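**Q** Each chain, written out:
4 protein chains.
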Amino acid sequence: MDRSQFKFKTQLRVRNYEVDWQGIVHNANYFLYFELGRIEYLKHLGIKLDISTIQSESKVVLVRNEVDYKSPARFDDLLDVYSRVSYIKDSSFGFEGLIEVTSSQLLVSENVAVHVWLHPQSNAPITVPDSFRQIVQKFEGSSVEMIGRK
Amino acid sequence: MDRSQFKFKTQLRVRNYEVDWQGIVHNANYFLYFELGRIEYLKHLGIKLDISTIQSESKVVLVRNEVDYKSPARFDDLLDVYSRVSYIKDSSFGFEGLIEVTSSQLLVSENVAVHVWLHPQSNAPITVPDSFRQIVQKFEGSSVEMIGRK
Amino acid sequence: MDRSQFKFKTQLRVRNYEVDWQGIVHNANYFLYFELGRIEYLKHLGIKLDISTIQSESKVVLVRNEVDYKSPARFDDLLDVYSRVSYIKDSSFGFEGLIEVTSSQLLVSENVAVHVWLHPQSNAPITVPDSFRQIVQKFEGSSVEMIGRK
Amino acid sequence: MDRSQFKFKTQLRVRNYEVDWQGIVHNANYFLYFELGRIEYLKHLGIKLDISTIQSESKVVLVRNEVDYKSPARFDDLLDVYSRVSYIKDSSFGFEGLIEVTSSQLLVSENVAVHVWLHPQSNAPITVPDSFRQIVQKFEGSSVEMIGRK
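Protein chains in written order, with our numbering: chain A, 961 to 1110; chain B, 961 to 1110; chain C, 961 to 1110; chain D, 961 to 1110.
Derived by calculation from the structure, the hints in this document are not laboratory data. Since the structure is predicted, the reported quantities are computational estimates derived from the model, not experimental observations. Please note that a few of the clues may not be correct.
Repeated chains share a single entry, so a pair holds when one copy, or any two copies, can fit it.
[As the list claims (entries may be wrong)] Calculated pairs, DSS-like style, for lysine-lysine (alpha carbon to alpha carbon, straight line, at most 25 Å):
1. 1019 <-> 1030
2. 1030 <-> 1049
3. 1049 <-> 1008
4. 1019 <-> 1003
5. 1008 <-> 1030
6. 1003 <-> 969
Bound-form chain A, shown alone (with noise of 0.2 Å):
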């Protein structure tokens, strides 16, 4: 995973329940903190895809979702969320996430979450309406790619 693909990069500071035995963060954590990361930026791009969605005309859901872990964060470690949406297919689309100790620079861990958009009442895949694309394209250029629709 290339970091300098990455546009968007949110902060959170490691809380002490958040850590376990080992005195390092539980592996179940960062995918607490990459699901933050990704909130904000669907915040940041001015995207409503929160509670309300499950109510209005189409719903995203979370159907993978990949960590590697490759160095542990610990107790009151300042952390570098990045996140970037790195692909919109015809019904789904890709988050990239990567987790740096903001001091360090050293890296954390990496995440894939891929999403499908269904219809609210049928539950079938629909097409990732336009203007969710255009907005993460409009960010992103060409680092999302744009696979399966002109």
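Using the hints provided, position chains B, C and D relative to the given structure of chain A.
**A** Quick look at chains B, C and D alone, frame taken from chain A:
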């Protein structure tokens, strides 16, 4: 992922505080459920890989964790968590996990978790101990793949 | 707190990720355990006070929550979680909770949780419904104290 | 609880996964927030009472934890977490905490957390060390109550 390959199952009940604002289990909790499954699996096989490990002659770290979300679990669902070591390589091994709703056998999610065996001081990858290899093979039989070692 | 006054018990097993860096259950998790006990208690009595409540004619909010820590619970401990409504006042009621290690009956912690019944629109305190009062009294008998109402 | 008595404040932002199905911060998370406040407080005063404590000459345990819920915090709220040691007795001391929404100064909740100093081997209560007493008194001045010791 093929459920018939799993020889070990544990159960858990979804707790109220694991459910998010959509009324379904928050996506990060599945990683906790699968981890629980792995720990129960190791306990069942008499393998100690927990706290004590980090003070002993070798240590095991989680390097990769993937979940595919198939269908959401809900509050108070009783879940079957299946776990198995699916392969052992020279210095790493993989766990597969699969969660179903007990009552309906509805598939909830699938997990792959890759672990590496490290030297406790140098942190260099070391060969998976024969004792681990043998205990797993005895339990799993032909369903565990042995890679890169006779 | 007197264990003999409790007529309802549920059980749970301490999960690995609920244990902190001291090898014992993190202090905030007991609040989750006691909440679980209260929810099971209400379910056992056939009282619905969960999600649906906030969209119905009345709602109940938690206004105070206390825990006394007596002895730490540890990973994999099976715990007995006792719950009871100890009093009902005009617009509020109190839950008591008590946790013991199942195997040893070692006292782990005690909880008092105070709830107030509110008008769903105005948020003003309202009188606890007679139906709630009666169901609890039928189950608890003389061990629930009725205060300020004939 | 009187906010003007607090000399120390830290801030945190409510994370999405801390919000429950009612769209508000789950009640147990406030205990985590207050704990975070206490840890930052101790760090600010240069007092080490964390991991290392359990291997050192003395240890401190939390014996009682109370929260009064005043008004719910919501997703993305920035919160002011005020902390102070309000009293020191012979072998125990109490922390008070108070949380407000930063933007509105809306009172969210209040906390009292009682700690006891124990002998690390015998677990018997021991006298609070003078060094702790002095550091706190220097920082808090007359707002910390010294009880039962000249």
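**Q** With reference to the structure, classify each hint as holding or not holding.
**A** Right, here's what the structure says about each hint:
1. For the identical chains of this complex, residue 1019 and residue 1030 are inter-copy neighbours only, at 16 Å across copies versus 33 Å inside a copy, given an alpha-carbon limit of 25 Å.
2. In the homo-oligomer, the alpha carbons of residue 1030 and residue 1049 lie at most 25 Å apart only across protomers (19 Å), although the nearest pairing inside one protomer, at 28 Å, exceeds that limit.
3. Only within a single protomer do residue 1049 and residue 1008 lie at most 25 Å apart by alpha-carbon distance; the minimum there is 19 Å, versus 43 Å between protomers.
4. Proximity of residue 1019 and residue 1003 under a CA criterion of 25 Å is satisfied intra-copy only: 16 Å inside one chain copy versus 32 Å between copies.
5. In this assembly of identical chains, residue 1008 and residue 1030 lie within 25 Å of each other by CA distance solely across copies; the values are 24 Å between and 31 Å within a copy.
6. Proximity of residue 1003 and residue 969 under a CA criterion of 25 Å is satisfied intra-copy only: 12 Å inside one chain copy versus 27 Å between copies.
In the structure shown, no violation is registered for any of the earlier numbered hints.
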